[in-house]
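Protein chains: 4
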Amino acid sequence: MSKTIPYSVRVEFGDCDPAGIVWFPNFFRWIDAASRNFFVECGLPPWHEAERTLGIIGTPVVDTHARFRKTASYGDTLQVAVSIAEWRGKSFVQRYRVTRGEDAIMECDEVRIFAGRREDGSIFAREIPAEIRAACGGKP
Amino acid sequence: MSKTIPYSVRVEFGDCDPAGIVWFPNFFRWIDAASRNFFVECGLPPWHEAERTLGIIGTPVVDTHARFRKTASYGDTLQVAVSIAEWRGKSFVQRYRVTRGEDAIMECDEVRIFAGRREDGSIFAREIPAEIRAACGGKP
Amino acid sequence: MSKTIPYSVRVEFGDCDPAGIVWFPNFFRWIDAASRNFFVECGLPPWHEAERTLGIIGTPVVDTHARFRKTASYGDTLQVAVSIAEWRGKSFVQRYRVTRGEDAIMECDEVRIFAGRREDGSIFAREIPAEIRAACGGKP
Amino acid sequence: MSKTIPYSVRVEFGDCDPAGIVWFPNFFRWIDAASRNFFVECGLPPWHEAERTLGIIGTPVVDTHARFRKTASYGDTLQVAVSIAEWRGKSFVQRYRVTRGEDAIMECDEVRIFAGRREDGSIFAREIPAEIRAACGGKP
Numbered sequence: 001m002s003k004t005i006p007y008s009v010r011v012e013f014g015d016c017d018p019a020g021i022v023w024f025p026n027f028f029r030w031i032d033a034a035s036r037n038f039f040v041e042c043g044l045p046p047w048h049e050a051e052r053t054l055g056i057i058g059t060p061v062v063d064t065h066a067r068f069r070k071t072a073s074y075g076d077t078l079q080v081a082v083s084i085a086e087w088r089g090k091s092f093v094q095r096y097r098v099t100r101g102e103d104a105i106m107e108c109d110e111v112r113i114f115a116g117r118r119e120d121g122s123i124f125a126r127e128i129p130a131e132i133r134a135a136c137g138g139k140p
Numbered sequence: 001m002s003k004t005i006p007y008s009v010r011v012e013f014g015d016c017d018p019a020g021i022v023w024f025p026n027f028f029r030w031i032d033a034a035s036r037n038f039f040v041e042c043g044l045p046p047w048h049e050a051e052r053t054l055g056i057i058g059t060p061v062v063d064t065h066a067r068f069r070k071t072a073s074y075g076d077t078l079q080v081a082v083s084i085a086e087w088r089g090k091s092f093v094q095r096y097r098v099t100r101g102e103d104a105i106m107e108c109d110e111v112r113i114f115a116g117r118r119e120d121g122s123i124f125a126r127e128i129p130a131e132i133r134a135a136c137g138g139k140p
Numbered sequence: 001m002s003k004t005i006p007y008s009v010r011v012e013f014g015d016c017d018p019a020g021i022v023w024f025p026n027f028f029r030w031i032d033a034a035s036r037n038f039f040v041e042c043g044l045p046p047w048h049e050a051e052r053t054l055g056i057i058g059t060p061v062v063d064t065h066a067r068f069r070k071t072a073s074y075g076d077t078l079q080v081a082v083s084i085a086e087w088r089g090k091s092f093v094q095r096y097r098v099t100r101g102e103d104a105i106m107e108c109d110e111v112r113i114f115a116g117r118r119e120d121g122s123i124f125a126r127e128i129p130a131e132i133r134a135a136c137g138g139k140p
Numbered sequence: 001m002s003k004t005i006p007y008s009v010r011v012e013f014g015d016c017d018p019a020g021i022v023w024f025p026n027f028f029r030w031i032d033a034a035s036r037n038f039f040v041e042c043g044l045p046p047w048h049e050a051e052r053t054l055g056i057i058g059t060p061v062v063d064t065h066a067r068f069r070k071t072a073s074y075g076d077t078l079q080v081a082v083s084i085a086e087w088r089g090k091s092f093v094q095r096y097r098v099t100r101g102e103d104a105i106m107e108c109d110e111v112r113i114f115a116g117r118r119e120d121g122s123i124f125a126r127e128i129p130a131e132i133r134a135a136c137g138g139k140p
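Protein chains in written order, with my numbering: chain A, 1 to 140; chain B, 1 to 140; chain C, 1 to 140; chain D, 1 to 140.
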């Protein structure tokens, strides 16, 4: 079973658009931060360290599917619950539930990879090490 | 048949992350601009005008599904082809194909609504006027 | 004497550029949030409420001068100390000191106004009410 | 005499805040793009190439002073005129004039450096090569 790690967001004036509600690309900014926070809380090193030790430069998104349930605005505090819904050989599904108190605000499932870099600068999906799966609460 | 409207994006240094590639939330920034440009090119007024004349304050996203095919970096020029894949009663599916020359970079299908505002400030999905569908190349 | 209100920032991966350091426009995003937080902590209502009660729609910046001392990167936590350096008739100078532990990272002095909106939609600088100055720790 | 290189910006819905005007940190995003465009137009290589050939990883800002004259909103097209106001030994002043037709919108003077990177990862200001000054229209 994956761990679930919470992450908290303060919505700011500048995150909102002329309609007075959160401009939706900002949700992706926040869940990307929540994604990284998940791995830090599970004990993985920051990416600039992981590049040297594990050959991992980050976890780019290859597929994302989000639903926006209710609007949010500045002054709101949002909670993001982050977990891993599925481990695959070279990718994984990271799941986000964004709430404000009892209200469901946004849900998102992302497929991400652990990216390595080739000598020519291009990136590729690494086989996910068993110890990473284990650290995140998956079956080792 | 929906029209297809092109939109062009210059990728900038600040759009890229420490891995040297576009930080993915920026794609949503660009396709949101391409979405608005689609409606402007189809002859719809800007939202601050549409609020007065049509009671429409914008087209918030309620569902989005994106796939990232290849990475992009600063110095790239991307082309975004925007169309309406489907009209529903109170929502529509806007489709984006992002390319760099021959390369497919990103694809996205979004469900959006034409939003009105209630007296209490909350927003709701308006019935889509036939003239808007017609202006965008859909069946009137 | 103005109050000094602290504000805390987590630097995220997506806040950094291909050189691996904070992309500088993000500092202005953070100090804008710290500015609003200052007024909230001093007891002022959020702007959507202030518009109704005080005729104030926000505090736009008219002049800003910033110095960047040391770089920051993701994983860093920054502290922003916010105060009012000077009250003028229709504007004020808001001061920010951004630090990471002992390190000075950035300093900024901004001239802002309390903006009202005319019937034609344009904005203007309001005379600053004595009770706002007093709430922020200035001479009433 | 420095060259003056124009750069054009379309203001988008998402660039504006709940007051309906450009949220000011976006101006710094745009002038950073205009800064890089200046050097590209003057014939300098992109930074990922310059890192290999000149040891330059970018041109970080060390000091910036901006004045906001009039507001802008989505639908506006802005022109940014970029020049080098002064060359110093290890830094330079880059100047921006942002206009919308006849209207002055924003002015900014930035002190930037050409940054190299030390073995420990920290960055430093390089002596500015005479050929760069010459390419930008300064005295060689």
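These aren't lab readings, by the way, just hints derived from the structure by calculation. Cβ atoms here follow ideal geometry from the backbone N, Cα and C, with glycine treated the same way. A portion of the hints provided could be inaccurate.
Stated by the list, open to error - The calculated label-pair distances, taken between Cβ atoms and stated as ranges, are: (1) C:Thr-4 x D:Ala-125: 42 to 48 Å; (2) A:Arg-118 x C:Glu-86: 52 to 58 Å; (3) C:Thr-4 x A:Pro-45: 42 to 48 Å.
Said to hold, decoys possible - Think about it this way: if two alpha-carbon atoms lie no more than 30 Å apart in a straight line, the pair counts; the simulated BS3-like pairs of lysine-lysine are: (4) D:Lys-90 x C:Lys-70; (5) A:Lys-70 x B:Lys-90; (6) B:Lys-90 x B:Lys-3; (7) A:Lys-90 x B:Lys-90; (8) A:Lys-3 x A:Lys-70; (9) D:Lys-90 x D:Lys-3; (10) C:Lys-3 x C:Lys-90; (11) B:Lys-70 x B:Lys-3; (12) D:Lys-90 x C:Lys-90; (13) D:Lys-3 x D:Lys-70; (14) A:Lys-3 x A:Lys-90; (15) C:Lys-70 x C:Lys-3.
Stated by the list, open to error - Below, a sample of chain C positions facing chain D; criterion: calculated Cβ distance under 7 Å: (16) Met-1; (17) Ile-5; (18) Pro-6; (19) Ala-19; (20) Pro-25; (21) Phe-28; (22) Arg-29; (23) Cys-42; (24) Leu-54; (25) Gly-58; (26) Asp-63; (27) Lys-70; (28) Thr-77; (29) Trp-87; (30) Thr-99.
Results for each hint:
no. : hint                             : in the structure
1   : C:Thr-4 x D:Ala-125: 42 to 48 Å  : violated, 32 Å
2   : A:Arg-118 x C:Glu-86: 52 to 58 Å : holds, 55 Å
3   : C:Thr-4 x A:Pro-45: 42 to 48 Å   : violated, 35 Å
4   : D:Lys-90 x C:Lys-70              : holds, 16 Å
5   : A:Lys-70 x B:Lys-90              : holds, 16 Å
6   : B:Lys-90 x B:Lys-3               : holds, 20 Å
7   : A:Lys-90 x B:Lys-90              : violated, 39 Å
8   : A:Lys-3 x A:Lys-70               : holds, 26 Å
9   : D:Lys-90 x D:Lys-3               : holds, 20 Å
10  : C:Lys-3 x C:Lys-90               : holds, 20 Å
11  : B:Lys-70 x B:Lys-3               : holds, 26 Å
12  : D:Lys-90 x C:Lys-90              : violated, 39 Å
13  : D:Lys-3 x D:Lys-70               : holds, 26 Å
14  : A:Lys-3 x A:Lys-90               : holds, 20 Å
15  : C:Lys-70 x C:Lys-3               : holds, 26 Å
16  : Met-1                            : violated, 27 Å
17  : Ile-5                            : violated, 20 Å
18  : Pro-6                            : violated, 21 Å
19  : Ala-19                           : holds, 5 Å
20  : Pro-25                           : holds, 4 Å
21  : Phe-28                           : holds, 4 Å
22  : Arg-29                           : holds, 5 Å
23  : Cys-42                           : violated, 20 Å
24  : Leu-54                           : violated, 14 Å
25  : Gly-58                           : holds, 5 Å
26  : Asp-63                           : holds, 5 Å
27  : Lys-70                           : violated, 9 Å
28  : Thr-77                           : violated, 19 Å
29  : Trp-87                           : violated, 20 Å
30  : Thr-99                           : violated, 17 Å
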